Amino acid sequence: MRAFTFALALGASLMTSAAMADITVYSAGPGGLIDKLAAGYTAKTGVKVNVFQATTGKIMARIESEAANPVVDVLISASWDTATDFAKRGWLTAYTSPNAATVPDFLKNDTAVAQGISALGIAWNPASGTPKPTEWADLAKPAYKDLVTLPDPAQSGASFELVAALQAKDGWGLFKDIAANGAVVAGANAEALNPVMQGAKAAVFGAVDYISLAAKAKGESIDVIFPASGTVIAPRPMMILNWSKQQDDAKKFVDYVLSDEGQKAVAATYLMPARSDIKANRPLIADLKIMTVDAAAVYGKRDATLAEFAKVFGK
Numbered sequence: 001m002r003a004f005t006f007a008l009a010l011g012a013s014l015m016t017s018a019a020m021a022d023i024t025v026y027s028a029g030p031g032g033l034i035d036k037l038a039a040g041y042t043a044k045t046g047v048k049v050n051v052f053q054a055t056t057g058k059i060m061a062r063i064e065s066e067a068a069n070p071v072v073d074v075l076i077s078a079s080w081d082t083a084t085d086f087a088k089r090g091w092l093t094a095y096t097s098p099n100a101a102t103v104p105d106f107l108k109n110d111t112a113v114a115q116g117i118s119a120l121g122i123a124w125n126p127a128s129g130t131p132k133p134t135e136w137a138d139l140a141k142p143a144y145k146d147l148v149t150l151p152d153p154a155q156s157g158a159s160f161e162l163v164a165a166l167q168a169k170d171g172w173g174l175f176k177d178i179a180a181n182g183a184v185v186a187g188a189n190a191e192a193l194n195p196v197m198q199g200a201k202a203a204v205f206g207a208v209d210y211i212s213l214a215a216k217a218k219g220e221s222i223d224v225i226f227p228a229s230g231t232v233i234a235p236r237p238m239m240i241l242n243w244s245k246q247q248d249d250a251k252k253f254v255d256y257v258l259s260d261e262g263q264k265a266v267a268a269t270y271l272m273p274a275r276s277d278i279k280a281n282r283p284l285i286a287d288l289k290i291m292t293v294d295a296a297a298v299y300g301k302r303d304a305t306l307a308e309f310a311k312v313f314g315k
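Each residue of the sequence shown is one higher than the last, beginning at 1 in this note's numbering.
Rather than coming from a laboratory, the hints here were simulated on the basis of the structure. Treat each hint with caution, since some may be false.
Straight-line distance between alpha carbons at most 30 angstroms, and here's what the computed DSS-like set of lysine-lysine pairs gives [what the hints assert, rightly or not]:
hint : residue 1 : residue 2
1    : 132       : 251
2    : 218       : 289
3    : 251       : 108
4    : 169       : 301
5    : 279       : 48
6    : 169       : 311
7    : 108       : 88
All values derive from a computational prediction rather than experimental measurement.
Generate coordinates for the entire structure from the input sequences, incorporating the hints supplied.
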């Protein structure tokens with residue numbers, strides 16, 4: 001009888017342990033955001049979150065390396081192309097969160113929903129002594145000679161989409177003018193922004209907005225300008241992997257990120273919240289002219305676009 005009672009207790013303990021198993025979330029930055037979301041989710045549910053935060057490229061490499069024994073339950077990428085790719089591979093679970101009702105249709109589908117959205121703009125240092133730019137082409141003017149940086153589109157998915165959209169609209173002329181004016185391709189997004197904040201350069205062509213807006217809020221000499229001619233946005237898709245053994249908890253994590261509390265945390269990082277009913281202290285999608293990007297066409301010729309970009313900038 002004692003042994004039977006022990007067995008029942010052990011079984012109950014194992015069931016509780018299984019129900020409270022951790023979930024693992026891989027997320028592109030900002031790092032402070034995923035830490036806050038993980039802590040908020042744990043406070044609400046009691047389920048702990050193991051977080052791996054890195055660039056989208058490093059996250060993809062980690063997932064590929066774990067192919068024989070995948071551990072990630074929820075993935076948050078900085079590029080919607082990831083969601084498209086993973087859906088084609090059959091890696092995603094279909095799920096529509098009840099909290100996604102006010103997420104615009106173009107920011108969600110059966111297997112992915114935006115956590116938040118960034119946009120690309122011109123990050124300009126008002127202390128640089130240069131005139132305030134209003135259009136992309138302004139950075140090809142003599143006042144910006146040798147004073148402009150660009151994120152490398154080979155390292156930044158958002159930068160690549162901007163390059164592709166502008167090239168599709170106007171050809172390579174704008175980029176040739178920018179390059180002839182001494183613009184420098186300076187690595188990923190942070191590497192392009194840092195020289196501008198430090199005063200060595202005047203402006204970033206194609207800066208990820210939330211990084212610059214957060215820096216401005218901390219007192220850095222930086223403004224963000226969204227050209228009236230148009231820019232691109234970068235929705236950050238959340239996906240539940242179909243190999244996850246914690247499907248219910250993974251769904252609850254997505255629900256939490258799309259809750260009022262979760263979306264306010266997103267807005268606090270100067271990303272645009274995915275939900276249209278959440279306010280943010282920054283321009284929102286309705287305030288911007290968005291250039292449409294045919295993702296399938298754009299990414300289908302990615303190598304050729306990057307090769308031509310490298311040729312223009314002498315890389």
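Comparing the hints with the structure gives:
no. : hint       : in the structure
1   : 132 to 251 : 45 angstroms, violated
2   : 218 to 289 : 27 angstroms, holds
3   : 251 to 108 : 15 angstroms, holds
4   : 169 to 301 : 16 angstroms, holds
5   : 279 to 48  : 29 angstroms, holds
6   : 169 to 311 : 19 angstroms, holds
7   : 108 to 88  : 16 angstroms, holds
Checked against the numbered hints listed earlier, the structure breaks hint 1 alone; every other hint is satisfied.
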